[in-house]
Amino acid sequence: MNERFVQYRDKIVQYWNRFSVRQKIMFFSTLLIIIIIIIAVTMQLTKTEYEVAFQDLDSTDAAGVMNYLESSGISYRLSPDGKSISVPSTDAARVKVDIGSQGIVQDGSIGFKAFDESSSMIGSTENEFNVKYNNALNGEVEQLLRRMQGVKDAKVLVNLPKETVFATQDDQEKASASVVLSFKPGFRPNQDNIDGYFNLVKTAVPNLPVDNITITNNETELYPTAKGGQAGVSSQIEENFVLQKKFEDEVKKNVKAFLSTLTGPDKVDVLVFSKLNFDKENRKEDLVTPVDTENMKGIEISSQIISNTYTGQGNTNGGVAGTGEGDVQGYPSSTNSGNTSSEESSETRNYEVNRITKDIIASPYTVKDLTINVAVEPPDGQNTLDQATSDAIRNILVNIVRASLADSGITYTDADLTKKVSVYSQPFGTQTPAAASGGLANWMIWAIAAGAALVGGGAGYLIYRRRRKNAEEEEEDVPLQVPTEYPSIDLESVTNESQVRKQLESLAKKKPDEFVNLLRTWLADEQR
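Under our numbering, the first residue of the sequence shown carries the number 1, and numbering increases by one thereafter.
Keep in mind the hints are simulated off the structure, nothing from the lab.
As the structure is a prediction and not an experimental result, all values here were calculated from the model.
Keep in mind that the hints are not guaranteed to be accurate.
[What the hints assert, rightly or not] Below 25 Å or equal to it, Euclidean Cα-Cα: the simulated DSS-like pairs (lysine-lysine) are:
| no. | residue 1 | residue 2 |
| --- | --- | --- |
| 1 | K202 | K155 |
| 2 | K256 | K275 |
| 3 | K420 | K246 |
| 4 | K246 | K256 |
| 5 | K155 | K83 |
| 6 | K252 | K419 |
| 7 | K202 | K174 |
| 8 | K419 | K368 |
| 9 | K227 | K202 |
| 10 | K96 | K152 |
| 11 | K202 | K162 |
| 12 | K96 | K83 |
| 13 | K275 | K245 |
| 14 | K256 | K420 |
| 15 | K419 | K246 |
| 16 | K253 | K275 |
| 17 | K267 | K420 |
| 18 | K368 | K420 |
| 19 | K184 | K202 |
| 20 | K420 | K252 |
| 21 | K47 | K96 |
[To be verified] Between beta-carbon pairs, the in silico distance windows are:
| no. | residue 1 | residue 2 | range |
| --- | --- | --- | --- |
| 22 | I25 | V97 | 53 to 59 Å |
| 23 | I237 | R147 | 29 to 35 Å |
| 24 | K83 | I237 | 39 to 45 Å |
| 25 | A204 | T42 | 53 to 59 Å |
| 26 | P88 | G150 | 30 to 36 Å |
| 27 | Y50 | K184 | 23 to 29 Å |
| 28 | N240 | N135 | 45 to 51 Å |
| 29 | W16 | S84 | 56 to 62 Å |
| 30 | W522 | G460 | 45 to 51 Å |
| 31 | K184 | T42 | 38 to 44 Å |
| 32 | D414 | E294 | 29 to 35 Å |
| 33 | D359 | A204 | 32 to 38 Å |
| 34 | Y133 | I237 | 43 to 49 Å |
| 35 | K275 | A204 | 40 to 46 Å |
From the three backbone atoms N, C-alpha and C, an ideal C-beta is built for every residue, glycine too.
Please build the complete structure, drawing on both the sequences and the hints.
Below you can see the structure in the form of structure tokens.
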């Protein structure tokens with residue numbers, strides 16, 4: 001066994017000694033890197049991830065959460081400021097549900113859940129109950145306010161009056177409430193939010209009018225709309241300005257789109273000013289009108305005519321008052337007369353009329369005034385618009401203004417409407433059409449062209465230099481040509497000139513290149 005172990009060891013040593021020093025260093029380095037990676041991955045996989053489960057806790061709620069986690073054997077981490085508690089991510093959801101169901105986190109407010117807790121067996125006194133009820137009411141209102149938009153923290157103090165049986169409901173003393181709010185960073189409440197705070201406190205506390213509620217924050221006191229809050233007014237004004245601007249933009253877009261069909265695109269500019277009536281009117285009208293408006297009569301629904309005639313004999317008083325003997329002054333004297341008669345008649349007619357009751361809610365956003373100014377660029381080759389085109393544009397604008405002011409309640413004449421429109425004819429010479437439509441100015445185009453020419457010239461020069469350099473290198477690398485052996489003619493052996501001529505002609509016909517080279521060789525020899 002030992003011999004076999006020694007053999008294996010010797011083989012391993014022999015195999016290890018085959019490697020160079022550099023290979024051994026690389027082997028150990030790779031092994032060390034692999035071990036480090038394995039350790040890092042193991043630590044990362046076995047690391048406990050913590051998640052913030054509770055934040056913005058006060059000391060009482062934080063202590064309650066910590067006691068619950070310790071008793072349940074759940075690890076946690078407390079932030080340095082003591083207001084946030086983190087738990088393992090795998091247990092975060094369960095911990096939130098358990099603590100929420102047990103009511104451990106009260107946000108510093110006890111609420112009405114305090115009455116669910118066991119109290120003393122002998123009960124509590126009336127004063128203790130009142131104090132406990134008042135604290136619970138304060139806590140409930142605080143919890144409600146913390147759920148409102150933008151509220152980070154709230155502190156409420158409610159003063160409930162003492163009830164007495166000797167006062168009527170109207171004579172009872174009213175409750176009062178003082179509230180201090182802290183808002184989240186960057187949040188500024190508008191008037192709607194402020195009215196919501198006041199309404200929540202008012203409805204949560206019995207017999208509490210809005211006038212007895214005071215709400216403040218770290219900067220100033222908040223007021224509801226009923227007590228002169230200005231946030232609602234300012235927001236309404238901003239909304240009115242937005243609506244007015246939207247109306248003007250709509251009129252401008254429609255006028256410009258229509259006139260562009262007459263003058264061409266980008267040759268019309270429109271300026272619109274308006275005044276809108278944002279008053280909303282509610283009124284009730286009780287009207288009585290006749291059915292027959294021509295005769296100013298209604299429908300006759302009933303008629304009654306009574307006529308009575310009386311006849312008889314007797315004395316009647318007559319004569320001048322107080323003139324006879326024995327007469328009483330101021331009374332008529334008595335005279336004797338014969339037969340008397342009298343008549344009595346009466347007529348009653350009942351008419352039915354129209355009785356109209358109207359509940360009118362007048363819609364706001366009525367146009368009270370409108371002015372349209374139009375600038376038109378004349379056609380090419382003209383300095384101004386012709387009169388016919390100018391009058392046509394003016395008539396179009398007058399019709400638009402007349403239709404917009406139809407519900408203003410004011411009757412405008414044609415002369416008044418003409419004063420509310422204006423048409424100007426002037427060239428838009430400040431920019432070229434290309435620049436007006438978003439193109440480039442002339443000087444920019446020339447500058448770009450010059451730059452492109454310079455770049456092109458530089459590039460061409462570099463290409464020329466490079467080609468020239470390559471050509472020179474190719475000439476240097478070309479090997480020397482081997483001297484060509486030209487055919488020779490033995491002139492000494494030839495005695496006849498005709499034979500020499502025939503040989504030259506035959507060489508020129510059969511081998512013209514060699515003939516030319518032969519002539520060059522003769523010429524070179526003669527020059528030497």
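Going through the hints against the structure:
1. K202 / K155: holds (15 Å)
2. K256 / K275: holds (20 Å)
3. K420 / K246: With a Cα-Cα distance of about 20 Å, the restraint between K420 and K246 holds, given a limit of 25 Å.
4. K246 / K256: Judged against 25 Å, a Cα distance of about 15 Å means the pair holds.
5. K155 / K83: holds (18 Å)
6. K252 / K419: holds (18 Å)
7. K202 / K174: Roughly 12 Å between the alpha carbons, so the hint for K202 and K174 holds.
8. K419 / K368: holds (15 Å)
9. K227 / K202: Distance of about 14 Å is within 25 Å: holds.
10. K96 / K152: It holds: about 20 Å lies between the C-alpha atoms, which stays within 25 Å.
11. K202 / K162: Holds. K202 to K162 sits at ~18 Å (cutoff 25 Å).
12. K96 / K83: holds (16 Å)
13. K275 / K245: Holds, at about 10 Å.
14. K256 / K420: holds (17 Å)
15. K419 / K246: Satisfied, since the Cα-Cα distance of roughly 24 Å is no more than 25 Å.
16. K253 / K275: Holds - the C-alpha atoms of K275 and K253 are around 18 Å apart, at most 25 Å.
17. K267 / K420: Roughly 22 Å separates the two Cα atoms, so the pair holds.
18. K368 / K420: Holds - the C-alpha atoms of K420 and K368 are around 12 Å apart, at most 25 Å.
19. K184 / K202: holds (23 Å)
20. K420 / K252: holds (15 Å)
21. K47 / K96: holds (22 Å)
22. I25 / V97: 53 to 59 Å: Once the Cβ atoms are compared, 57 Å apart, the range 53 to 59 Å for V97 and I25 holds.
23. I237 / R147: 29 to 35 Å: holds (30 Å)
24. K83 / I237: 39 to 45 Å: 41 Å Cβ-Cβ, so the 39 to 45 Å window holds.
25. A204 / T42: 53 to 59 Å: holds (56 Å)
26. P88 / G150: 30 to 36 Å: Holds, at about 32 Å.
27. Y50 / K184: 23 to 29 Å: holds (24 Å)
28. N240 / N135: 45 to 51 Å: holds (46 Å)
29. W16 / S84: 56 to 62 Å: holds (57 Å)
30. W522 / G460: 45 to 51 Å: Holds, at about 47 Å.
31. K184 / T42: 38 to 44 Å: Holds, since K184 and T42 (Cβ atoms, about 42 Å apart) stay within the stated range.
32. D414 / E294: 29 to 35 Å: holds (34 Å)
33. D359 / A204: 32 to 38 Å: holds (35 Å)
34. Y133 / I237: 43 to 49 Å: Since the Cβ atoms of Y133 and I237 sit about 44 Å apart, the hinted range of 43 to 49 Å holds.
35. K275 / A204: 40 to 46 Å: Given range 40 to 46 Å: holds, Cβ gap about 44 Å.
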